[in-house]
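Student: The listed protein sequences derive, respectively, from chains A and B. Under this note's numbering, think of the first position of the first sequence as 1, with each following residue one higher. Under this note's numbering, think of the first position of the second sequence as 620, with each following residue one higher.
Be aware that a few hints might be false.
Simulated crosslink set (BS3-like; lysine-lysine; CA at most 30 Å straight-line) [said to hold, decoys possible]: (1) A:412 to B:762; (2) A:559 to B:682; (3) A:135 to A:123; (4) A:559 to B:765; (5) A:411 to B:762; (6) B:639 to A:319; (7) A:479 to B:639; (8) A:518 to B:682; (9) B:753 to B:729; (10) A:95 to B:765; (11) A:551 to A:473; (12) A:338 to B:682; (13) A:411 to A:135; (14) A:473 to B:639; (15) A:123 to A:95; (16) A:123 to A:103; (17) A:66 to B:753; (18) A:590 to A:559; (19) A:590 to B:765; (20) A:95 to B:762; (21) A:551 to A:411; (22) A:411 to A:123; (23) B:682 to A:319; (24) B:682 to A:488; (25) B:639 to A:338; (26) A:338 to A:319; (27) A:473 to B:682.
Stretch-level coverage of chain B by chain A, calculated; a stretch enters the list once three of its residues show a Cβ under 8 Å from a Cβ in chain A [stated by the list, open to error]: (28) 670-680; (29) 709-716.
A few chain B positions that, by computed beta-carbon distances, are all more than 10 Å from chain A [said to hold, decoys possible]: (30) 690; (31) 761; (32) 769; (33) 771.
Please keep in mind that the hints were generated in silico from the structure rather than gathered at the bench. Keep in mind it's a predicted model, so treat the numbers as computed, not measured. Note that beta-carbon positions come from the ideal geometry of N, C-alpha and C, so glycine has one too.
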Amino acid sequence: MSETKILKVEELEKLREEILAGRDPDQQRMTVCAGTGCCASGALEVRDALEEAVQAEALDVPVEVKITGCRGFCEEGPLVSIQPEDIFYTRVQPKHAEQIVKKTFAEGEVVKRLLYRDPTTRKRFTYEHEIPFYKEQQRLLLHDSGLIDPTSIEDYLAIGGYQAFIKAVQELEPEEVIEEVKAAGLRGRGGAGFPTGVKWELCRQAEGDVKYVICNADEGDPGAFQDRSIIEANPHSVLEGILIGAHAIGASEGYIYIRHEYPLAVERLRTAVEAAREVGLLGEDILGMGFDFEINIQLGAGAFVCGEETALIASIEGKIGEPVTRPPYPAESGLWGKPTNINNVKTWASVPYIIKRGSDWYAQIGTESSKGTSIFSLVGKVKNTGLVEVPLGITLRSLIEDIGGGSPNGKKLKAVQTGGPSGGCIPEELWDLPVDYESLQEAGSIMGSGGLIVMDERTCMVDLARYFLEFSKFESCGKCSSCREGSKRMYEILDYITRGYGEEGDIELLEELGQAVKQASLCGLGQTIPNPVLTTIRYFRDEYEAHIQDKRCPAGVCKELVTYYIDPENCVGCALCVEPCPTQSITGTKREPYTINTETCINCGICYEVCNVDAVVVE
Amino acid sequence: MEVELSTVDEIIDRHGLNDKALIPTLLGIQETYHYLPPQALTRVAERMSIPAIRVHQVAEFYKALSLEARGEHIVTVCLGTACHVQGGGRLIDHVARVLHVEPGNTTEDKKFTLEGVNCLGCCNLAPVMTVDGKYYGNMVASKVEKVLDQYRDEEVAVHE
Numbered sequence: 001m002s003e004t005k006i007l008k009v010e011e012l013e014k015l016r017e018e019i020l021a022g023r024d025p026d027q028q029r030m031t032v033c034a035g036t037g038c039c040a041s042g043a044l045e046v047r048d049a050l051e052e053a054v055q056a057e058a059l060d061v062p063v064e065v066k067i068t069g070c071r072g073f074c075e076e077g078p079l080v081s082i083q084p085e086d087i088f089y090t091r092v093q094p095k096h097a098e099q100i101v102k103k104t105f106a107e108g109e110v111v112k113r114l115l116y117r118d119p120t121t122r123k124r125f126t127y128e129h130e131i132p133f134y135k136e137q138q139r140l141l142l143h144d145s146g147l148i149d150p151t152s153i154e155d156y157l158a159i160g161g162y163q164a165f166i167k168a169v170q171e172l173e174p175e176e177v178i179e180e181v182k183a184a185g186l187r188g189r190g191g192a193g194f195p196t197g198v199k200w201e202l203c204r205q206a207e208g209d210v211k212y213v214i215c216n217a218d219e220g221d222p223g224a225f226q227d228r229s230i231i232e233a234n235p236h237s238v239l240e241g242i243l244i245g246a247h248a249i250g251a252s253e254g255y256i257y258i259r260h261e262y263p264l265a266v267e268r269l270r271t272a273v274e275a276a277r278e279v280g281l282l283g284e285d286i287l288g289m290g291f292d293f294e295i296n297i298q299l300g301a302g303a304f305v306c307g308e309e310t311a312l313i314a315s316i317e318g319k320i321g322e323p324v325t326r327p328p329y330p331a332e333s334g335l336w337g338k339p340t341n342i343n344n345v346k347t348w349a350s351v352p353y354i355i356k357r358g359s360d361w362y363a364q365i366g367t368e369s370s371k372g373t374s375i376f377s378l379v380g381k382v383k384n385t386g387l388v389e390v391p392l393g394i395t396l397r398s399l400i401e402d403i404g405g406g407s408p409n410g411k412k413l414k415a416v417q418t419g420g421p422s423g424g425c426i427p428e429e430l431w432d433l434p435v436d437y438e439s440l441q442e443a444g445s446i447m448g449s450g451g452l453i454v455m456d457e458r459t460c461m462v463d464l465a466r467y468f469l470e471f472s473k474f475e476s477c478g479k480c481s482s483c484r485e486g487s488k489r490m491y492e493i494l495d496y497i498t499r500g501y502g503e504e505g506d507i508e509l510l511e512e513l514g515q516a517v518k519q520a521s522l523c524g525l526g527q528t529i530p531n532p533v534l535t536t537i538r539y540f541r542d543e544y545e546a547h548i549q550d551k552r553c554p555a556g557v558c559k560e561l562v563t564y565y566i567d568p569e570n571c572v573g574c575a576l577c578v579e580p581c582p583t584q585s586i587t588g589t590k591r592e593p594y595t596i597n598t599e600t601c602i603n604c605g606i607c608y609e610v611c612n613v614d615a616v617v618v619e
Numbered sequence: 620m621e622v623e624l625s626t627v628d629e630i631i632d633r634h635g636l637n638d639k640a641l642i643p644t645l646l647g648i649q650e651t652y653h654y655l656p657p658q659a660l661t662r663v664a665e666r667m668s669i670p671a672i673r674v675h676q677v678a679e680f681y682k683a684l685s686l687e688a689r690g691e692h693i694v695t696v697c698l699g700t701a702c703h704v705q706g707g708g709r710l711i712d713h714v715a716r717v718l719h720v721e722p723g724n725t726t727e728d729k730k731f732t733l734e735g736v737n738c739l740g741c742c743n744l745a746p747v748m749t750v751d752g753k754y755y756g757n758m759v760a761s762k763v764e765k766v767l768d769q770y771r772d773e774e775v776a777v778h779e
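Full structure from sequences and hints, please.
Tutor: Listed below in structure tokens is the structure:
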């Protein structure tokens, strides 16, 4: 890293050339995925073990070990990739390090048992791009994530980082940048899908000497982690997008508002900002281009409603995060009453690609009204959980079945929740719908920020609606009575239903309440709170009726409505379930079928979890 | 931990006296003491010239900020959607049984605080539990006791 601050564009280009000249494209390298998912599975220990093994082996050719951001295939982590061959090892543990180094580098062979194996076909894949999970994706933002060390600005510069920013400032007028973003058809990836270029233009045209740009990284949807992954993997791409936007809008100061629950992302962001400042990409007269910009990182303190832009602004100002009425929109009067533009992490990160490769290129990806790629976290009852990037317009079925690999255990998949607590459940019959802003809205859901939670026959839709309402009731800021009281009452009705106290007319009451909350709430949170309830009623009314009329939970989830018993046909008498039972309700003799005492059983489900032969039945 | 006003002052000075520094300052105090001691809140109000009522309002509003003292070890069970559909509810029920404490509360011996959180963002490991920030993925109820024992044993070892 150069010690002195870079003052001119030419000097940055020189630095870039130096970095590239010092790199051998054929360098043997092992990259270890170090996203939160892989780190939680022990990726950093794997990296240390690999480094040690390289030292110990004394190879003829030097092998570099480095970390990268999230590669998306979290299910199979920790992931190790061998470059330049692109060999892809999955579920690597520190104990495998020696073998990897010895076999792959010293003997030039592949460690077969660490290759990904398709659970259905049993086929093993040597290279990342061959694996079905990756094959159907179009990885644009995520492509770079797997190549670079997120803590190294040199790595980002080596792949052409900050060239788009320089181009935007040197070659394009702010209005031209806005036109490019408009022509590309980029829409807000935070969920609502407002055209980004139009938003920027409104803020550019607003009167004011000081303007702000904000990156909304307050990713609060439970079951969504794509924003966190981008920041962890490629923080400079977000920063570059913000710089380009600031130039277009005429802002000289920006904020990145990020959840404190994402410590790794915060740390990587801080490192990136520091590095950018060191080379002179932040501060006054950046690279001698006459453009000043400063960025601040502001931590969220755990309030879901702060994902709403006016609440987020209040939070940065040091107040409680309560939304305010719009208009005026932040574009006119935002942070400290100044014109402010807020975009989501994915939106900002898409900008450098548009400027660099042109709006024509970007606009050819996706559908007529929804352009480009978007990133989804694919989780729940699906084989390949992880982070996927696909062109908008792909069908839900392709996402869930081709990329996600379908059900992990052969159970029937029945719905997918899109858009988190503000979204809705889309039943399996509708999975041929294209994933775009309009189609999802027609189905009663929203695109949201990109969480996709897949559910199977063992998921109770009434319980799920109750779950989301419990979340929303807790997260409602309390300003509007419709949202504050409405969510509470809807939750109570749902809770009663799941506990067997549902009554005739509850469904209709939920529908009526839902409409009222939608219409009478101020912000996006309140207006969308009823969505999970209304969509589950719309598509899974029979489950509600089973709970209310027959006092039965068809999915076997609602504790008060189910009974656990052991099927003597299947029970092998292994006694595995006896010790974990918290109420000692399981008795029997070894190698004979056991029985559950339903009198003392508290329906905790632990026996169901531990049984290896599916002998515990819940009905 | 004794509340030293000099420590509180240090945290305040680190973030500045601007209004926008209020939440970061409170987060800093929370990190140091695991909660917001009343003396610290008064100090913040005085030094930052923010009405005490507003400091209190902010402290109450945000979930990451706690007005009550918490345990030595913070156990969180993820209740995000992915964890919910994979049995996160069963998991937290069981942890509560093992620790003899309801979610949101601290054990009598002040060793553990149990909390449910909405999504830690590693849904592939669902259901997930963390103890002091360390992740335990694919947690089935039957593994809970073993994990928590490590933290109990650790204490025994330290005291010996």
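Student: Now, for every hint given, state plainly whether the structure supports it.
Tutor: Here is what the structure says about each hint:
1. A:412 to B:762: holds (28 Å)
2. A:559 to B:682: It holds: about 28 Å lies between the C-alpha atoms, which stays within 30 Å.
3. A:135 to A:123: holds (15 Å)
4. A:559 to B:765: Holds: residue 559 of chain A and residue 765 of chain B sit about 25 Å apart, inside 30 Å.
5. A:411 to B:762: holds (25 Å)
6. B:639 to A:319: Since the Cα atoms of residue 639 of chain B and residue 319 of chain A sit roughly 8 Å apart, the hinted pair holds (cutoff 30 Å).
7. A:479 to B:639: This hinted pair holds, its Cα atoms lying about 22 Å apart.
8. A:518 to B:682: holds (25 Å)
9. B:753 to B:729: holds (19 Å)
10. A:95 to B:765: Between residue 95 of chain A and residue 765 of chain B the Cα gap is close to 23 Å, so the pair holds against 30 Å.
11. A:551 to A:473: It holds: about 25 Å lies between the C-alpha atoms, which stays within 30 Å.
12. A:338 to B:682: Since the Cα atoms of residue 338 of chain A and residue 682 of chain B sit roughly 28 Å apart, the hinted pair holds (cutoff 30 Å).
13. A:411 to A:135: Holds: residue 411 of chain A and residue 135 of chain A sit about 25 Å apart, inside 30 Å.
14. A:473 to B:639: holds (27 Å)
15. A:123 to A:95: holds (24 Å)
16. A:123 to A:103: Holds. Residue 123 of chain A to residue 103 of chain A sits at ~21 Å (cutoff 30 Å).
17. A:66 to B:753: Holds - the C-alpha atoms of residue 753 of chain B and residue 66 of chain A are around 23 Å apart, at most 30 Å.
18. A:590 to A:559: holds (28 Å)
19. A:590 to B:765: Distance of about 25 Å is within 30 Å: holds.
20. A:95 to B:762: holds (23 Å)
21. A:551 to A:411: holds (24 Å)
22. A:411 to A:123: The hint holds at about 22 Å.
23. B:682 to A:319: holds (14 Å)
24. B:682 to A:488: holds (19 Å)
25. B:639 to A:338: Holds, because 15 Å separates the two Cα atoms, which is no more than 30 Å.
26. A:338 to A:319: holds (17 Å)
27. A:473 to B:682: Within the cut-off at roughly 14 Å; holds.
28. 670-680: holds (count 4)
29. 709-716: holds (count 4)
30. 690: holds (18 Å)
31. 761: violated (4 Å)
32. 769: holds (16 Å)
33. 771: Since the minimum Cβ distance to chain A is about 18 Å, residue 771 of chain B lies beyond 10 Å and the statement holds.
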